[in-house]
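So the sequence lines, in the order shown, correspond to chains L and U.
Following this note's numbering, the numbering of the first sequence begins with 1 at its first residue and continues without gaps.
Following this note's numbering, the numbering of the second sequence begins with 292 at its first residue and continues without gaps.
Simulated from the structure, these hints should not be mistaken for lab results.
All C-beta atoms, glycine included, are put in the ideal place defined by N, C-alpha and C.
Honestly, I wouldn't trust all of these hints.
BS3-like, lysine-lysine: derived pairs with alpha carbons at most 27 Å apart [said to hold, decoys possible]:
(1) U:444 / L:119
(2) L:119 / U:322
(3) U:491 / L:119
(4) U:535 / U:551
(5) L:78 / U:444
(6) U:319 / U:334
(7) L:124 / U:334
(8) U:551 / U:491
(9) L:78 / L:238
(10) U:334 / U:322
(11) U:391 / U:318
(12) U:535 / L:124
(13) U:334 / U:360
(14) U:328 / L:124
(15) L:119 / U:551
(16) L:238 / U:444
(17) U:391 / U:444
(18) L:4 / L:119
(19) L:65 / U:491
(20) U:319 / L:65
(21) L:14 / L:4
(22) U:551 / U:318
(23) U:319 / L:238
(24) U:319 / L:210
(25) U:491 / U:535
(26) U:391 / U:328
(27) L:124 / L:14
(28) L:65 / L:78
(29) L:124 / U:444
(30) U:444 / U:551
(31) U:319 / L:119
In silico contact screen, one side only, chain U against chain L (beta carbon under 7 Å); selected entries [as the list claims (entries may be wrong)]:
(32) 347
(33) 348
(34) 423
(35) 424
(36) 431
(37) 525
(38) 575
Each chain, written out:
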Amino acid sequence: MNSKNRKEGWRQIKAAFAVLLLLIPTIFVILPIILLATGSVMGTGELREYLTPVFGESAEFIRWKLVPDYPTFENYGKLLFLTPQFFVLFWNSIRLTAGILAGQLLVGVPAAWAFAVYKARGSKALFALYVVLMLLPFQVTMLSSYLVLNRLELLNTHGAVILPAVFSTFPVFLSYGGFRAIPAQLFEAARIDGAGEFTIFRRIGLPLGKSGLLSAMVLGFLEYWNMMEQPMAFLDDKALWPLSLYLPEITWVQAGSAFCTSIITLIPAVFVFVLGQDYLEQGIIYSGLKE
Amino acid sequence: MRSKRKWRFTWRSELPSKAPSGYGRGKKDRKMFFYRKMFFYRKMFFLFLLPSFGGVLVFVLLPFLDVLKRSFSTAVTGQFCGLQNYQTIFTNTAFLLAVKNTVRFTFVCIPLLVVIGLVIALPISRLKDGAVIKSLYLFPLAMPTATVVVVWKMFFYRQGFLNLILTRAGEWTGLWGEVRTDYLGTGAAFWVLVFSYIWKNTGYTVVLWLAGIWGISGELLEAARVDGANGRQCFFRIVLPNLKGSLYTIVILSFLNSFKIYREAYLVAGSYPQQDIYLLQHLFNNWFVNLDLDKMAAAAVCVGGFLFAVIMLLQRMWDRQD
Chain L
1 MNSKNRKEGW RQIKAAFAVL LLLIPTIFVI LPIILLATGS VMGTGELREY
51 LTPVFGESAE FIRWKLVPDY PTFENYGKLL FLTPQFFVLF WNSIRLTAGI
101 LAGQLLVGVP AAWAFAVYKA RGSKALFALY VVLMLLPFQV TMLSSYLVLN
151 RLELLNTHGA VILPAVFSTF PVFLSYGGFR AIPAQLFEAA RIDGAGEFTI
201 FRRIGLPLGK SGLLSAMVLG FLEYWNMMEQ PMAFLDDKAL WPLSLYLPEI
251 TWVQAGSAFC TSIITLIPAV FVFVLGQDYL EQGIIYSGLK E
Chain U
292 MRSKRKWRFT WRSELPSKAP SGYGRGKKDR KMFFYRKMFF YRKMFFLFLL
342 PSFGGVLVFV LLPFLDVLKR SFSTAVTGQF CGLQNYQTIF TNTAFLLAVK
392 NTVRFTFVCI PLLVVIGLVI ALPISRLKDG AVIKSLYLFP LAMPTATVVV
442 VWKMFFYRQG FLNLILTRAG EWTGLWGEVR TDYLGTGAAF WVLVFSYIWK
492 NTGYTVVLWL AGIWGISGEL LEAARVDGAN GRQCFFRIVL PNLKGSLYTI
542 VILSFLNSFK IYREAYLVAG SYPQQDIYLL QHLFNNWFVN LDLDKMAAAA
592 VCVGGFLFAV IMLLQRMWDR QD
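So that you can see chain U by itself, here it is in the shape it has in the complex (with noise of 0.2 Å):
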């Protein structure tokens, strides 16, 4: 007789030998309790995740489609416009001043972290206890925003330190005069941003470069030595190779960290700042003060949707590489 228990999953080995069908070994049995292993397990999951994906779902996918629908709205009246708005933002000169800043941000910014995190990270590898330097280089992600803003405007305005220390060295090589960039009002504030970026994200970088190189089994570079390679063709035929799956990480987590950059922007030079450094963080910052919600949701349409392509791409690339 099958009982009416509630039903769990035991192990085969366990069951009685004797039992009528249902609790046999038979192959429809077998099936059978595949199955329900894999029902329970899918019921687990969707418990267990529950409160999260209920609480992305309210506050991130859902309103999601109320943005999608405001993208066809206009701001005021709420009528259809179909799709008036992203012909707007696509001839608004702040939107593509805003694109071309990003894209030219990231594209500096990712390749020179990337490298400066290796080369300061494989001398690291080589030394016995790393440990205190690595700590050093970790601290900067330590620092508060607003403390660390306070001191680059000192360093970074027309009389700040920058120019103070390079003036002192021009007077001292006798090779130049004063310097008196304004470091903030001019393109050069892109730079400024880029040494800040840098400055933030390196210990990050070269803490994950150390996980890669570490990751590599000496028995491969014992082998490659014991067959003669020296230190160049160590590195550039083992080492190297093996990293790729660091880089790719590395990549996306700069990727995710370039976009935090705005807050340094934000409190260095304001909503307005100087036209170089003017991201698109800055522009839906002054749609959403200014209410101009139905180029922002245009734009966050755009936008976000641009974005979860090129993730899912680097998603792919990355899960192919395993």
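Bound conformation, chain L alone (with noise of 0.2 Å):
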């Protein structure tokens, strides 16, 4: 009795210790944004204080105070109110994103249908083929893209960044993962009850396929809120940049500003994974599993 007891608590011992490990790890997940959230409350003087020794040549440390003396919102203020090319990358951030994520669906989601479904011939190297350009980086094809957009007249705009995202092959991989878990008497029931195919994939396909469309969702903006690349190379005019690449632009005089437009542009992301979460997580197994 009393060494079953005993085993008990050691076991119970033994787990706490290991969530106590397992949460070691995360600091490094958290500090990032606390350092964040307090910088962007700090004033220009007091971030001046700390960060000069980081880009002068000085032999001190960079120095930080968990809870800033002096918080204050200037900097919020300063760039909400007083910066108007914020509002327009940020704009830009969000048509770019949206743009690319529904052209995806319009897309994506038939192909992935196509391939969970129906048996082709060539369907098989065809999926090959899809999931070779998924893992291709996008310095490879950059070059290819470059000369369809410049024929096109399309560089320059939007369009430039959202048509070669929304031909992109990993939505349709994933939604693919999601319409294969769909059992195959459904469609045959379906059909024995008259249902064309066009109506099978509205009624049938879409709903219940909807897990693998909402991961590759979740899992599209995450992506396209950072990208880089695409408007790097294709958009010269500055005006239509993403808010991405405006952080960059920032000089760590301004750091203040710096900090605050890392929160804000972490907010919709962190809005989008937390509300999406379990799809991410169901997109991240689709993208695992073949079948």
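Please assemble the complex out of the two chains, which come individually in their own frames, going by the hints.
Rendered as structure tokens:
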């Protein structure tokens, strides 16, 4: 009796210990956010005091206070009320991301449906091609895209970023996973009942494959909210740039503005992450499982 | 009389039993139905696939032919020059350096990430609600790159936080003096990138490992325990072999994500970073900006072809696993 209780107690201690050990790396996750949050409420004077060691050639170290001495929202005020560029770029980001996600839904989901439901002679080879295209880094196809966009005269417009991304094969892959999970008997039953193929897609495929679609959307949002290479390569006009490219433009003299912009860029991403975390996980799992 | 209505696939059992040939159940009719069904499915397949594949053709495949053509001509005049561009890139020091760094990064990061992910996933799989911990690990995926880079700069500059912590630790234990390593300006920059990659992608990997671990049927493990296997034997003989499928998946996806590290590298160190982190993507970008399109075309064909071969190989191995 006694030894059983002791064993149970020991196991609980081990479990608690394991949890603690697992929480340690999460400090690395939370720390950046705390730094940014505290930095964004510090005034310019305080920031300069803490940060000049880093950017001058002094012998001191960077200093920081977790609770700032003189907290102030002046940086937020300056950013939100006195910098129109910020809003232009913010809406650019929204426009680009929304455009890309909508396009991917329209184009990629039917393609995923085709791969998942219909067997045709070339489908396996085409799917392998899609996987290869998904895994190629942007720089390999950068030149090809540039040439086409040049010929279509889309360079330096938002279309130059939106169009190639709409035809990306990654959402096809994720939605495919979602559709594969639907049992094929449902389709056969629907066909016996006289449903046409588009009706099956609309009434059965879409509702049941929703998790795959939403995971594609969540992962897509996180990817395109952050995108950097495409706008840099295809958009010359800085007024068309998304928010993700604004930060590097801020010099360290305006460090407060950099922190505020970071936090504000972070908020929609966190929002989508929190709402869609279950779908995100499903998406990661779908991108993993083959069948 | 056969009606001229548009043909539709119908179940054999619903056909009129006394129909004329063409609607009957003879062998020839059955074959015809089979092929009609196949043709119908094929038509539907291409119909649904068309928008996506059309775009892929227009934006990726066809232009790649143009790139192929350019790789055989000079940049400025467009004359045909054979394999000259290929010769140029293979003797170009920047290209060789970039290839070396990219390969080194891939071979260091992927095993590290896979192992760390597994080491973290195993304890979580035994916990009852690892949901909160999983969320915390997944969170770096949501953080925008530019945001993260600001923090990395604060950490890894010569007077940054990391050196501060190390110096204080050194003073406290009396073991070493001031630590002034310039992480971003020396070879240590490579490890900064590795750290950033692992930080960002551990959550992804943990989720995949967890999916694999939880997919192992509990009965197998119970049966093993009944037969007297202890924890270690269970792990090495049952859990690990069943995770082979997940391993292939994780390797491929980590490979994909390893290319994205270019963003952090560019934002932290610019177009011409320290030698050890000069990656292929930096090179391509610089060629692009300088309009060295012929070299870029040749390199794109080489790298694209190589990756294509590698991925097809991995796909083949992956297929054989099932």
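The hints, checked one at a time:
1. Between residue 444 of chain U and residue 119 of chain L the alpha-carbon distance is near 51 Å, which puts this suggested pair outside the 27 Å criterion.
2. With a C-alpha separation of about 18 Å, the suggested pair residue 119 of chain L and residue 322 of chain U falls inside the 27 Å cut-off, and the hint holds.
3. Between residue 491 of chain U and residue 119 of chain L the CA atoms are separated by roughly 38 Å; this puts the pair beyond 27 Å, and the hint is violated.
4. With a C-alpha separation of about 25 Å, the suggested pairing of residue 535 of chain U with residue 551 of chain U holds against the 27 Å cut-off.
5. Restraint check for residue 78 of chain L and residue 444 of chain U: satisfied, since their Cα atoms lie roughly 23 Å apart, inside the 27 Å limit.
6. Proximity of residue 319 of chain U to residue 334 of chain U is assessed by CA-CA distance (about 22 Å); at most 27 Å being required, the pair is judged to hold.
7. Our distance criterion of 27 Å between C-alpha atoms is met by residue 124 of chain L and residue 334 of chain U, whose separation comes to about 16 Å.
8. Only pairs whose Cα atoms come within 27 Å are accepted, and residue 551 of chain U paired with residue 491 of chain U is accepted, the gap being roughly 11 Å.
9. Straight-line distance between C-alpha atoms of residue 78 of chain L and residue 238 of chain L comes to about 21 Å, which keeps the hinted pair within the 27 Å bound.
10. As the CA atoms of residue 334 of chain U and residue 322 of chain U are separated by approximately 18 Å, the hinted pair is consistent with the 27 Å bound.
11. About 63 Å separates the Cα atoms of residue 391 of chain U and residue 318 of chain U, which puts this hinted pair outside 27 Å; it is violated.
12. Among the hinted pairs, residue 535 of chain U with residue 124 of chain L is consistent with the structure: their alpha-carbon atoms are about 23 Å apart, no more than 27 Å.
13. For the proposed pair residue 334 of chain U and residue 360 of chain U, the alpha carbon gap of about 34 Å is over 27 Å, so the pair is violated.
14. As the CA atoms of residue 328 of chain U and residue 124 of chain L are separated by approximately 19 Å, the hinted pair is consistent with the 27 Å bound.
15. Taking the CA atoms of residue 119 of chain L and residue 551 of chain U, the gap is near 34 Å; set against the 27 Å cutoff, the hint is violated.
16. A distance of roughly 24 Å separates the Cα atoms of residue 238 of chain L and residue 444 of chain U; the hinted pair therefore holds under the 27 Å criterion.
17. Proposed proximity of residue 391 of chain U and residue 444 of chain U is supported: the alpha carbons are some 25 Å apart, at most 27 Å.
18. Only pairs whose Cα atoms come within 27 Å are accepted, and residue 4 of chain L paired with residue 119 of chain L is rejected, the gap being roughly 58 Å.
19. Proposed proximity of residue 65 of chain L and residue 491 of chain U is supported: the alpha carbons are some 26 Å apart, at most 27 Å.
20. A C-alpha spacing of about 85 Å is found between residue 319 of chain U and residue 65 of chain L, which places the hinted pair above 27 Å, so the restraint is violated.
21. For the proposed pair residue 14 of chain L and residue 4 of chain L, the alpha carbon gap of about 15 Å is at most 27 Å, so the pair holds.
22. Straight-line distance between C-alpha atoms of residue 551 of chain U and residue 318 of chain U comes to about 57 Å, which puts the hinted pair past the 27 Å bound.
23. Between residue 319 of chain U and residue 238 of chain L the CA atoms are separated by roughly 67 Å; this puts the pair beyond 27 Å, and the hint is violated.
24. Of the supplied pair hints, the one linking residue 319 of chain U and residue 210 of chain L is violated, its CA atoms being roughly 42 Å apart against a limit of 27 Å.
25. Among the hinted pairs, residue 491 of chain U with residue 535 of chain U is consistent with the structure: their alpha-carbon atoms are about 23 Å apart, no more than 27 Å.
26. Between residue 391 of chain U and residue 328 of chain U the alpha-carbon distance is near 52 Å, which puts this suggested pair outside the 27 Å criterion.
27. As the CA atoms of residue 124 of chain L and residue 14 of chain L are separated by approximately 48 Å, the hinted pair breaks the 27 Å bound.
28. Proximity of residue 65 of chain L to residue 78 of chain L is assessed by CA-CA distance (about 22 Å); at most 27 Å being required, the pair is judged to hold.
29. Note on residue 124 of chain L and residue 444 of chain U: the hinted pairing is violated, with a Cα-Cα distance of about 46 Å set against a maximum of 27 Å.
30. A threshold of 27 Å between alpha carbons decides the hint, and for residue 444 of chain U with residue 551 of chain U the separation of about 18 Å falls inside it, so the pair holds.
31. Taken as a hint, the residue 319 of chain U and residue 119 of chain L pair is honoured in the structure, with Cα atoms around 23 Å apart against an allowance of 27 Å.
32. Against a cut-off of 7 Å between C-beta atoms, the interface hint on residue 347 of chain U holds, since the closest Cβ of chain L lies about 5 Å away.
33. For the restraint placing residue 348 of chain U at the interface with chain L, the shortest Cβ-Cβ distance is roughly 9 Å, beyond the 7 Å limit, so the hint is violated.
34. Given the 7 Å rule on beta carbons, the hint for residue 423 of chain U is violated: about 9 Å separates it from the nearest Cβ of chain L.
35. At a threshold of 7 Å, the smallest CB-CB gap from residue 424 of chain U to chain L is about 6 Å, leaving the interface hint in force.
36. Among the interface hints, the one on residue 431 of chain U holds; its C-beta lies about 6 Å from the nearest C-beta in chain L, closer than the 7 Å criterion.
37. For residue 525 of chain U, the shortest C-beta to C-beta distance to chain L is roughly 17 Å, which exceeds 7 Å, and the interface hint is violated.
38. A hinted interface residue such as residue 575 of chain U counts as satisfied when its beta carbon comes closer than 7 Å to some beta carbon of chain L; here the least separation is about 4 Å, so the hint holds.
Of the hints listed earlier, those the structure fails to meet are numbers 1, 3, 11, 13, 15, 18, 20, 22, 23, 24, 26, 27, 29, 33, 34, 37, in rising order.
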